[in-house]
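Residue numbers (our numbering), protein chains in the order written: chain Y, 1 to 139; chain P, 140 to 570.
Certain hints may be false.
[Unchecked claim] Mimicking DSS-like on lysine-lysine, the simulated pairs with C-alpha atoms at most 25 Å apart in a straight line are:
| id | chain 1 | residue 1 | chain 2 | residue 2 |
| --- | --- | --- | --- | --- |
| 1 | Y | K60 | P | K550 |
| 2 | Y | K60 | P | K301 |
| 3 | P | K550 | Y | K25 |
[Said to hold, decoys possible] Which bits of chain P does chain Y cover? Going by a derived footprint, with three or more residues having C-beta under 8 Å, they are:
| id | segment |
| --- | --- |
| 4 | 511-522 |
| 5 | 549-555 |
[To be verified] Now the stretches of chain Y that chain P is said to cover, found in silico as 3 or more residues with beta-carbon under 8 Å:
| id | segment |
| --- | --- |
| 6 | 2-10 |
| 7 | 38-49 |
| 8 | 56-68 |
Worth flagging that the hints you see were computed from the coordinates, not collected in a lab.
Small disclaimer: the values here were computed from a predicted structure and weren't measured.
All C-beta atoms, glycine included, are put in the ideal place defined by N, C-alpha and C.
Residue strings, one per chain:
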Amino acid sequence: MTIHQLSIFIENKAGTLLRVLELFKEAQIQLVASTIADTVEYGIYRIICSEPSRAYQVLKDAGISVALSDVFAITLDNEPGRAADAVKVLHDAGIGITYMYSFLLGGKGILVFRTDNPELTREAIILNSLSFISEKELV
Amino acid sequence: MYLHKEETLSRPQIEALQLERLQWTVKHCMNSPFYKKRFEEAGLTPQDIRSLDDLQRIPFTTKQDLRDNYPYGLASVSMDKVVRLHSSSGTTGNPTVVLHSQRDLDEWANAVARCLHMVGLRPNDVFQNSSGYGMFTGGLGFQYGAERLGMLTVPAAAGNTKRQLKFITDFGTTALHAIPSYVTRMYEVMEEMGIDPRRDTKLRTLVIGAEPHSEEQRRRIEEMMGVKAYNSFGMSEMCGPGVAFECQEQNGLHIWEDYYIVEIIDPETLQPVPEGEVGELVLTTINREAMPLLRYRTRDLTRILPGECPCGRQHKRLDRMKGRSDDMIILKGVNIFPIQIETILMQFKELSTNYLITLQTQDSNDEMIVEVELENLFTDDYARLHSLTREITRQLKDEILVTPYVKLVPKGTLPVAEGKAVRVKDMRKTF
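Chain Y extracted, bound-state conformation (with noise of 0.2 Å):
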């Protein structure tokens, strides 16, 4: 239901970014899934990797500041209106969403998102059946 997700504080500075990923590609670890808003001084880059312990470990060793936190992860079909659908069960519930983003893996939609009450969060799930993926799938 939950996965681990890197959040990487970076500078909005030529080069930052490049760096990360090179530090990624050295280490041989593969993103799955990452996503950076464009904001004025700072970003939060978040990743969903394989490996997410070692990332974390080799990005610290590099000095950067990292976080390693757990994210809600379900599964949508890939069809017209399963988001609407996921995101009104969690707003029926009175959860507020921080932030999400999506991808697709092996045809299935993947929603990604944290919210402001994980306990509440995990109970609508189950009680809604919702289908959701769990780390060792991603890879």
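Chain Y is fixed; fit chain P onto it per the hints.
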């Protein structure tokens, strides 16, 4: 408990000794062409100094006087009695030079030994001096003082942090002198190398000084290193270290009044400030022969702590330095000291100890940018980072009365100085 009987003097005894030594010093100063002329111009003779109050009749000596009489113009002994000089860098005009006779060096070592003894150091301690040697007085000053006390003294000097740590572990260093920003740097390298200062070293006493730092920064250093850290105050014009030092109460720095007469003045009006108020520290040396200084304006801002110290010493206590009157930033007509900003920043556990203040002109408007490093990424939520920035901004504004532009940067981004940390960059356009 005391190293020298002078530490136990009562106030009347201190004042009697001061008058005697002041009268000797003033007479002795007439050997220097500079002071001879000064006294003549002021219509003053050494015989006019009959009480400690008469000190105020003597004109001030400034850093500019030292520059104008560079290098030997303030010598009060013949040059064959001078055995050492120390010089401070001359970023503006001539450097300044301070001359020492053999007796001056002996008395300097005694003063430093007294300070180190006061914080509990004894001959069986191993004292590592991670301070710049050469012209910087923190090197030789602590070297001779620590040796005078009888400690094994390691002249590690500054820089090469890994080698410093090897000395600490191999030699069983129990006491270390370094500037505060360098202690922080040492700790970072210890962390990288997996050294736990409490478990893997015998360090228990730190002497920190030469760089303004807040109480929060001291407490942080004590916590991370598992030591007691004592504040040291000195300046090259007054020999160097050993002028004033904290006792084990860690509440104010005893200034050795058998060496110096202390005044606190308003830097604008040059009049004494009321007891206990902040002003510029003015010192008169009364135990020095090669180059005594009368009423020297130090530019350091501090105050005399009222009341008696529980340690029993009656030598006055200076409060932690509030900065220097020439470090002062004037922004939008407001006087700001970097230490005020540091004090606020140190209260945020989310931040590292490095910061950088940049002053710049934006659309003919002067502004302050305060860059701070995130200690670690405690959240991956933009909203919480924004609210941290807002809270830092709000607290800084409450303290310094102008609104700075606070910028979070990743750890390791700001320059870490191995010498004195550069905390302020003034890039303003002057018109």
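Taken at face value, is the distance from the CA of K550/P to the CA of K60/Y at most 25 Å? holds (11 Å)
Please work out if K60/Y and K301/P have their alpha carbons no farther apart than 25 Å. Satisfied, since the Cα-Cα distance of roughly 20 Å is no more than 25 Å.
Apply the coverage criterion to the segment 56-68 of chain Y and chain P: a residue qualifies when its Cβ sits closer than 8 Å to a Cβ of the chain, and three qualifying residues are needed. It holds, with 5 qualifying residues against the three required.
Can you confirm whether chain P covers the segment 2-10 of chain Y, using C-beta to C-beta distances below 8 Å and requiring at least three such residues? As far as the segment 2-10 of chain Y goes, the hint holds, because 5 residues have Cβ atoms under 8 Å from chain P.
Is K550/P close enough to K25/Y, meaning Cα to Cα at most 25 Å? holds (23 Å)
Quick one: see if chain Y covers the segment 549-555 of chain P, three-plus residues with Cβ-Cβ under 8 Å. Holds: 4 residues of the segment 549-555 of chain P have a Cβ under 8 Å from chain Y.
Quick check: the segment 38-49 of chain Y, covered by chain P? Criterion 3+ residues, Cβ under 8 Å. holds (count 5)
Three residues or more, CB to CB closer than 8 Å: is that satisfied between the segment 511-522 of chain P and chain Y? Coverage by chain Y holds here, the residue count being 9 at a Cβ distance below 8 Å.
Consistency with the previously given hints is maintained throughout, with no hint failing.
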